[in-house]
Amino acid sequence: MTDILKETFTTRATETEPPPLDLDAIVTTGTRRLRRRRAAKILGTTLMAAAVIATGLTVLRPHAVEPAAPLHAFTDRKTTYAVSGTIHYGSTTIETGGRAIQSLLLTDVGVLFTKAGSRSLQLADGRSVRTVATIAPGSTVLAAGETAGWVEPTPNGYRTIVKNLRTGDEVVRIDHIEEPDRDRLVALDGGYAYVQEQGSLLRIDLSTGSRRTIRQAGFTKQALTIRGDQMVSIGSGDLPTSKPVIWLTDLGGSGSQVQELSGSQFDVAAEVSPEGRYLVISDGNQALQVYNRSTEHRDVTGSQPRIFGHWLSETTFVATAASRPTDLVTCTVRTAGDIACEVSQRDVAPGGDQLVFPSN
Amino acid sequence: MGEEFAEFARGRHGALYRYAYLLVGERGLADDLVQEALIKTYVAWRRLRDPNAAEAYTRKVITNTAINWWRRKSYHERPYDDLPEGIAPTQDSSTRLWLWNELLQLPPRQRAALVLRYYEDLTEVQTAEVLNCAVGTVKSQVSIALSKLRARLGDDVLPLDKAGAGR
Numbered sequence: 001m002t003d004i005l006k007e008t009f010t011t012r013a014t015e016t017e018p019p020p021l022d023l024d025a026i027v028t029t030g031t032r033r034l035r036r037r038r039a040a041k042i043l044g045t046t047l048m049a050a051a052v053i054a055t056g057l058t059v060l061r062p063h064a065v066e067p068a069a070p071l072h073a074f075t076d077r078k079t080t081y082a083v084s085g086t087i088h089y090g091s092t093t094i095e096t097g098g099r100a101i102q103s104l105l106l107t108d109v110g111v112l113f114t115k116a117g118s119r120s121l122q123l124a125d126g127r128s129v130r131t132v133a134t135i136a137p138g139s140t141v142l143a144a145g146e147t148a149g150w151v152e153p154t155p156n157g158y159r160t161i162v163k164n165l166r167t168g169d170e171v172v173r174i175d176h177i178e179e180p181d182r183d184r185l186v187a188l189d190g191g192y193a194y195v196q197e198q199g200s201l202l203r204i205d206l207s208t209g210s211r212r213t214i215r216q217a218g219f220t221k222q223a224l225t226i227r228g229d230q231m232v233s234i235g236s237g238d239l240p241t242s243k244p245v246i247w248l249t250d251l252g253g254s255g256s257q258v259q260e261l262s263g264s265q266f267d268v269a270a271e272v273s274p275e276g277r278y279l280v281i282s283d284g285n286q287a288l289q290v291y292n293r294s295t296e297h298r299d300v301t302g303s304q305p306r307i308f309g310h311w312l313s314e315t316t317f318v319a320t321a322a323s324r325p326t327d328l329v330t331c332t333v334r335t336a337g338d339i340a341c342e343v344s345q346r347d348v349a350p351g352g353d354q355l356v357f358p359s360n
Numbered sequence: 001m002g003e004e005f006a007e008f009a010r011g012r013h014g015a016l017y018r019y020a021y022l023l024v025g026e027r028g029l030a031d032d033l034v035q036e037a038l039i040k041t042y043v044a045w046r047r048l049r050d051p052n053a054a055e056a057y058t059r060k061v062i063t064n065t066a067i068n069w070w071r072r073k074s075y076h077e078r079p080y081d082d083l084p085e086g087i088a089p090t091q092d093s094s095t096r097l098w099l100w101n102e103l104l105q106l107p108p109r110q111r112a113a114l115v116l117r118y119y120e121d122l123t124e125v126q127t128a129e130v131l132n133c134a135v136g137t138v139k140s141q142v143s144i145a146l147s148k149l150r151a152r153l154g155d156d157v158l159p160l161d162k163a164g165a166g167r
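Protein sequence lines, in the order shown, are assigned to chains A and B. Take the first sequence: its letter number 179 is residue 179 in the UniProt record's numbering, and every next letter is one higher. Take the second sequence: its letter number 27 is residue 27 in the UniProt record's numbering, and every next letter is one higher.
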């Protein structure tokens, strides 16, 4: 059997002619990403000492209890980001110690985060930092309101979990025994969990557990996110050579093609505003685009490439320049249809550390 | 750094592309995968340096990006016809065509495990390293995948190895 497998693979591989190598694009994009990363070699003695102290404190205090501080309300969407091991939520600073923060999510009960090289999903609520789950490597974590969803490894496979972070109650559980299909949870929004399963898209009511199929099997797009009843998905073009296309679809109705991707589909991000009126698209090295669903008008945030941060309100979002220094920019979609952006914080990562925005 | 990386990328691009193509079965997606993986390799180049380490790293990025991508995109959606009756092991090209179609129906991690084991000739330990999982998981994924293929195509087309379900 293995002989015919090997023959099949070898035949297919041999018959496939590689396309030309675009080395310039690789080096240009790689250099841009490098600029955003820490220049580790030039860390000064002071910074090293601070890191050692911080690590030591973490070891001595495994639960990383914060100094006494008032319990913050996290229901407002304030400008949030992390640099190294520090979370900034509005004017509040939360030190987590140790390694750099890798991912960040806003919830109503605190900020969820993961760290590089760690499988712990932790919650910083302004008073303490606690581990809420051990997640599978590569797992996507989603959060909305007081709920969060992730995938945990189990002795027999994997398990998708949605929990209420305030009560600790488990509201959704999906076991994957044979196939660790870890990213089937597409979105948490409006009291629902959206799950893409075997070509169907399901909506699970988090309060009652009832399920409804909202896209039947054969749904051929990859759902990226759902917010305000608007689903963003990527689908293939009509021809084998077509570039992938971003679609914005009203869950109660039809969808429309918003954008043909100019770069790699792995370098695209699309985020819907909280009520679903706008869609921000980040496509490779281009300037951010804001798509107005009702007018189908599209505008860009100036001529410079920017990196989307997160929505602050239905019409306001945070972004940053794709170059140094790392200034935060607050952009507002105005009624006239254009977008006004202004610098709100300068040089938030002066040491060249990576800036991490919430993914929700 | 630039010239060393360029030499690596030019030298290994073809092999990496073919590997990516076997994982995803789409030329455009394979091209994107390799492009993305080479960008990440370029970013990590200072700590990789050794071309062998760079290739292993790039392959790992390709594999995991492909698994994550196809995990999100339903792998059940690909249309294909039923296997025609009377397909015989001697009809090599037909057999390979149908086997290829069946391989594309497998869940991404199982397909990756087969490509790594039977195209790249990696050991179970090396495959586990690339897939970032336990050796036992590699064994079970390969075993399940081979069982599925056999159930679909039949023992005549895919006879059992002497050792059983394919090592």
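Don't read these hints as lab results, they were simulated from the structure. All residues carry an ideal CB built from backbone N, CA and C; glycine is no exception. Hints should not be assumed to be uniformly reliable.
Said to hold, decoys possible - Straight-line alpha carbon distances no greater than 27 Å define the calculated DSSO-like cross-link-like pairs of lysine-lysine that follow:
| no. | chain 1 | residue 1 | chain 2 | residue 2 |
| --- | --- | --- | --- | --- |
| 1 | B | Lys148 | B | Lys40 |
| 2 | A | Lys115 | B | Lys60 |
| 3 | B | Lys139 | A | Lys243 |
| 4 | B | Lys40 | A | Lys115 |
| 5 | B | Lys148 | A | Lys6 |
| 6 | A | Lys6 | B | Lys139 |
Said to hold, decoys possible - Distance windows between CB atoms, simulated:
| no. | chain 1 | residue 1 | chain 2 | residue 2 | range |
| --- | --- | --- | --- | --- | --- |
| 7 | B | Gln105 | A | Val343 | 50 to 60 Å |
| 8 | A | Val343 | B | Arg47 | 42 to 52 Å |
| 9 | B | Gln105 | A | Ser91 | 17 to 27 Å |
| 10 | A | Gly351 | B | Gly2 | 45 to 55 Å |
| 11 | B | Leu97 | A | Gly168 | 48 to 58 Å |
| 12 | A | Gly168 | B | Gly2 | 50 to 60 Å |
| 13 | B | Pro51 | A | Ala336 | 50 to 60 Å |
| 14 | A | Gln345 | B | Asn52 | 20 to 30 Å |
| 15 | B | Ala134 | A | Thr75 | 36 to 46 Å |
Satisfaction of the hinted span 17 to 27 Å by the C-beta atoms belonging to Gln105 (chain B) and Ser91 (chain A): For Ser91 (chain A) against Gln105 (chain B), whose Cβ atoms are near 53 Å apart, the range 17 to 27 Å is violated.
Satisfaction of the hinted span 36 to 46 Å by the C-beta atoms belonging to Ala134 (chain B) and Thr75 (chain A): Distance hint for Ala134 (chain B), Thr75 (chain A) holds at roughly 41 Å.
Next pair to validate is Lys139 (chain B) with Lys243 (chain A); report whether the Cα-Cα distance is within 27 Å. Violated, because 37 Å separates the two Cα atoms, which is more than 27 Å.
Do Val343 (chain A) and Arg47 (chain B) keep their Cβ atoms within the hinted range of 42 to 52 Å? violated (34 Å)
Would the hint linking Lys115 (chain A) and Lys60 (chain B) be met if the CA-CA limit is 27 Å? holds (20 Å)
Within 50 to 60 Å or not, the Cβ separation of Gln105 (chain B) and Val343 (chain A)? holds (51 Å)
Does Lys40 (chain B) pair with Lys115 (chain A) here, judged by a C-alpha cut-off of 27 Å? holds (19 Å)
Tell me if the beta carbons of Gly168 (chain A) and Gly2 (chain B) are separated by a distance inside 50 to 60 Å. holds (52 Å)
Quick check: does the Cβ-Cβ distance between Gln345 (chain A) and Asn52 (chain B) fall within 20 to 30 Å? violated (44 Å)
If I claimed the Cβ atoms of Pro51 (chain B) and Ala336 (chain A) lie 50 to 60 Å apart, would that claim hold in this structure? holds (55 Å)
Does 48 to 58 Å hold as the CB distance between Leu97 (chain B) and Gly168 (chain A), or does it fail? holds (52 Å)
Under the criterion that the straight-line Cα-Cα distance not exceed 27 Å, is the pair Lys148 (chain B), Lys6 (chain A) satisfied? Answer holds: Lys148 (chain B) to Lys6 (chain A) is near 17 Å, not above 27 Å.
Against the hints set out earlier in the document, violations occur for numbers 1, 3, 8, 9, 10 and 14.
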